[in-house]
Amino acid sequence: MAEVSLQGEQRVFMTGNEVVAWAAVAAKVDIMYGYPITPQNEIMHYWTRLAPKYGKRFLQTEDEISAGFTMLGGVMTGRKAFTATAGPGNVLMQESCVMAEMMRLPAVYVIQQRGGPSTATVIYAQQETTLTCFGGNGEGHRIVYSTATHQELFDYTIKAFNAAWTYRFPSFVLGDGYQAKMREPLTIYDAESKGVKLVPTEPMVGEFKPGKQFKHLRNTYNTEEELYEVVMANQRDWDAMAPKVVEWYEKDCQDADVVFVCHGVVSRAAMGALDELRAQGKKVGLFRPITVRPFPEKQLADAVKNAKKVLVAESAYGQLLKMVQVAICGGKAEIVPMLRPGIGITTEELVEEYNKL
Amino acid sequence: MQELKENNVLQPAMPKSWNEETKPHKFCPGCGHGIILKAVGEVIDELGIQDKIVFGCDIGCSLLSWDFFACDSVQTHHGRTTPVITGMKRANTDIIGIAYMGDGGGYAIGSQHLFNAAVRGEKITIILCNNCNYGMTGGQMAPTTLPGMKTETSPYGRDVEQTGYPTKGPEMVAAVAPEGAYVARGTIANVRQLKGFIKKALENQMAGNGISFVECLSSCPTNWRTNAKQTWEFVEKDMAQYFKVGELRTPQAKEGK
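So the protein lines, in turn, are chains A and B.
First residue of the first sequence: 12, per our numbering; consecutive thereafter.
First residue of the second sequence: 2, per our numbering; consecutive thereafter.
Any given hint could turn out to be false.
[Stated by the list, open to error] Simulated crosslink set (BS3-like; lysine-lysine; CA at most 27 angstroms straight-line): (1) B:Lys200 / B:Lys245; (2) B:Lys6 / A:Lys220; (3) A:Lys223 / B:Lys200; (4) B:Lys230 / B:Lys245; (5) B:Lys17 / B:Lys238; (6) A:Lys220 / B:Lys169; (7) B:Lys24 / A:Lys223; (8) A:Lys220 / B:Lys238; (9) A:Lys67 / A:Lys39; (10) B:Lys53 / A:Lys226; (11) A:Lys262 / A:Lys226; (12) B:Lys230 / A:Lys226; (13) B:Lys39 / B:Lys169; (14) A:Lys226 / B:Lys17; (15) A:Lys333 / A:Lys316; (16) B:Lys151 / A:Lys226; (17) A:Lys333 / A:Lys343; (18) B:Lys238 / A:Lys223; (19) B:Lys245 / A:Lys226; (20) B:Lys238 / A:Lys226; (21) B:Lys39 / B:Lys24; (22) A:Lys220 / A:Lys67; (23) B:Lys200 / A:Lys67; (24) B:Lys27 / B:Lys151; (25) A:Lys220 / B:Lys200; (26) A:Lys226 / B:Lys200; (27) B:Lys6 / B:Lys169; (28) A:Lys223 / B:Lys53; (29) B:Lys24 / B:Lys238.
[Said to hold, decoys possible] Stretch by stretch, here's where chain A covers chain B in the computed footprint (C-beta under 8 angstroms, at least three residues): (30) 179-193; (31) 219-225.
Bear in mind the hints are in silico, worked out from the structure with no lab data behind them.
The C-beta atom is built at its ideal place from N, Cα and C for all residues, glycine as well.
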């Protein structure tokens, strides 16, 4: 007998990949489509173990292109669906991501970033930030949540499904290999009994009711003007949505001389650095975009308006940095980059970097 | 519904499942797509499945069919119609999914999807129009271009030493699909037979047996640069000589083995 959902609330000690699989159960996802790539494999491993118990489905496809497009087929029939990938797989999935952008399909992608370019490492990086936000031929009409803790992986995976089905833009959970593979405690819960409303789905095609209007979904336009109208309508929707979904975290910024800016798991090291430096009486702050797309530009500009320096730390060579530069362009704070492609950043290293300023 | 008799002459009926607003259709004069899609439309009518159909079309000339039917339809990317329809059918087994594509979409850019959908025995119907070239992009060599045939990217004729032999799609699908498959190759030169194949292919999906695949030999006079007589000769003789018309797999035959 299939259980309807995760019951109540449980304190657990899990890897991030397992957390994502449980979050998908909590979000009442119907089907996952996937293709093996490290470091996201265990999302599929746990899903395939959980799925039969909860009356859910899984399809292992021939590649990530297919995983992306089968998922789009699934959501078009009004089923809650997702996929997960990393690195070169994320590259292959971009083709489906842009179709989802243009056709306003509520697709959900979980990205566990690995080192790049190309095959590189299966371990960790933040080098898929630009790709996940702006990959493909288009304008980046996407919602991208960059998580830092396992609790956030759980919460934001559920939120990604809600955002996708509310706004009809593809939504991403941007994790990484460290988050995927490490274990930590968190609380998993049944969304609705915790007051998290799950956004209902609806079919775009394949609904059988008498006298229905047939739908012709397309992604092809005859003239530049016709295309322009569609893209601009999407842009207007995206602009109207952005203030409603944008999320950030800031601490001690208003009186800070130096503000750390980082996203994802790096912001945990920054939290440590902040505590350490504040204890020494140093005026430091932390700003962390949770949605890297839409980027909290105004909020960042406000957070650093009194700062002398902004220390941007990321495990990539300037992907977050560019977003920060755009957001605070014209401000008086000097931007100091700390760029470590494919390498983790520790509290000690951040403190050291601060001391060099 | 149109009047069948006009000026006391019996007019051919337009299938009910056709979207009248988009007729006349957008294909070139002499193109085979319209003939294939008429057979598809008549079969949908005869089986009474207009409400259950989700028709997916690929990129290339087949995309011109995105609003061809009065059925739910979706136009996808080049080669990706097979996975889109697969994903739909996996998520909702009540639909009847048709993936409609050309030879480029099925045998080149989407060949990994076709092959693997066949191996998995996806319970969908794939209808592939084989016209020996890439029509929409201006007549380049396709996987199905015949040996020696001139195209924009084989201007001196297809050299099999360099580019191999034309892909035999139904043979490939028939070789790898599990039991329950229906596989056939029809031709616009024999519409009655083609329609029968398409009907069996949809019935096979409705019975939940396995994958159903029909390749349709078709015409492209615009890019072949052929007149009516030459076009028909090419479809009837040249193509049929290389691509054997008939059924390759039926679920019954397989069970009888």
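Consistency of the hints with the structure:
Of the pairs offered as hints, the one joining B:Lys200 and B:Lys245 holds, with about 19 angstroms between alpha carbons and a cut-off of 27 angstroms not exceeded. Proposed proximity of B:Lys6 and A:Lys220 is contradicted: the alpha carbons are some 33 angstroms apart, above 27 angstroms. Distance hint between A:Lys223 and B:Lys200 is fulfilled; the C-alpha atoms sit about 24 angstroms from each other, no more than 27 angstroms. Simply put, B:Lys230 and B:Lys245 have alpha-carbon atoms about 21 angstroms apart, close enough for the 27 angstroms limit, and the pair holds.
Restraint check for B:Lys17 and B:Lys238: not satisfied, since their Cα atoms lie roughly 33 angstroms apart, outside the 27 angstroms limit. For the hint linking A:Lys220 to B:Lys169, the alpha-carbon distance of about 40 angstroms lies beyond 27 angstroms, and the restraint is violated. Distance hint between B:Lys24 and A:Lys223 is fulfilled; the C-alpha atoms sit about 21 angstroms from each other, no more than 27 angstroms. For the suggested pair A:Lys220 and B:Lys238, the alpha carbons sit about 46 angstroms apart, so the restraint of at most 27 angstroms is broken.
Distance restraint check for A:Lys67 and A:Lys39: the Cα-Cα separation of roughly 9 angstroms lies within the 27 angstroms cut-off, and the hinted pair is therefore satisfied. For the suggested pair B:Lys53 and A:Lys226, the alpha carbons sit about 12 angstroms apart, so the restraint of at most 27 angstroms is met. For the suggested pair A:Lys262 and A:Lys226, the alpha carbons sit about 49 angstroms apart, so the restraint of at most 27 angstroms is broken. The suggested pairing of B:Lys230 with A:Lys226 is violated, with an alpha-carbon distance near 39 angstroms, which exceeds 27 angstroms.
For the hint linking B:Lys39 to B:Lys169, the alpha-carbon distance of about 24 angstroms falls within 27 angstroms, and the restraint holds. Restraint check: the Cα-Cα separation between A:Lys226 and B:Lys17 comes to about 16 angstroms, which is no more than 27 angstroms; the hinted pair holds. With a C-alpha separation of about 18 angstroms, the suggested pairing of A:Lys333 with A:Lys316 holds against the 27 angstroms cut-off. At most 27 angstroms may separate the alpha-carbon atoms for a hinted pair to count; B:Lys151 and A:Lys226 exceed this at roughly 40 angstroms.
Taken as a hint, the A:Lys333 and A:Lys343 pair is honoured in the structure, with Cα atoms around 17 angstroms apart against an allowance of 27 angstroms. With a C-alpha separation of about 44 angstroms, the suggested pairing of B:Lys238 with A:Lys223 is violated against the 27 angstroms cut-off. A C-alpha spacing of about 37 angstroms is found between B:Lys245 and A:Lys226, which places the hinted pair above 27 angstroms, so the restraint is violated. Between B:Lys238 and A:Lys226 the CA atoms are separated by roughly 39 angstroms; this puts the pair beyond 27 angstroms, and the hint is violated.
Distance restraint check for B:Lys39 and B:Lys24: the Cα-Cα separation of roughly 12 angstroms lies within the 27 angstroms cut-off, and the hinted pair is therefore satisfied. For the given pair, A:Lys220 sits about 25 angstroms from A:Lys67 by alpha-carbon distance, which is consistent with the 27 angstroms threshold. Distance check on the hinted pair: B:Lys200 and A:Lys67 sit about 32 angstroms apart at the alpha-carbon level, beyond 27 angstroms; violated. Of the pairs offered as hints, the one joining B:Lys27 and B:Lys151 holds, with about 26 angstroms between alpha carbons and a cut-off of 27 angstroms not exceeded.
With a CA separation close to 24 angstroms, the supplied pair A:Lys220 and B:Lys200 stays within the 27 angstroms bound. A threshold of 27 angstroms between alpha carbons decides the hint, and for A:Lys226 with B:Lys200 the separation of about 23 angstroms falls inside it, so the pair holds. Distance check on the hinted pair: B:Lys6 and B:Lys169 sit about 43 angstroms apart at the alpha-carbon level, beyond 27 angstroms; violated. Taking the CA atoms of A:Lys223 and B:Lys53, the gap is about 11 angstroms. The hint holds against a cut of 27 angstroms.
As the CA atoms of B:Lys24 and B:Lys238 are separated by approximately 31 angstroms, the hinted pair breaks the 27 angstroms bound. Residue count for the region 179-193 of chain B with a Cβ under 8 angstroms from a Cβ of chain A: 0. That is fewer than the three needed, and the coverage hint is violated. Against chain A, the region 219-225 of chain B contributes 0 residues with a C-beta closer than 8 angstroms to a partner C-beta. That does not satisfy the three-residue criterion, and the hint is violated.
Of the hints listed earlier, those the structure fails to meet are numbers 2, 5, 6, 8, 11, 12, 16, 18, 19, 20, 23, 27, 29, 30, 31, in rising order.
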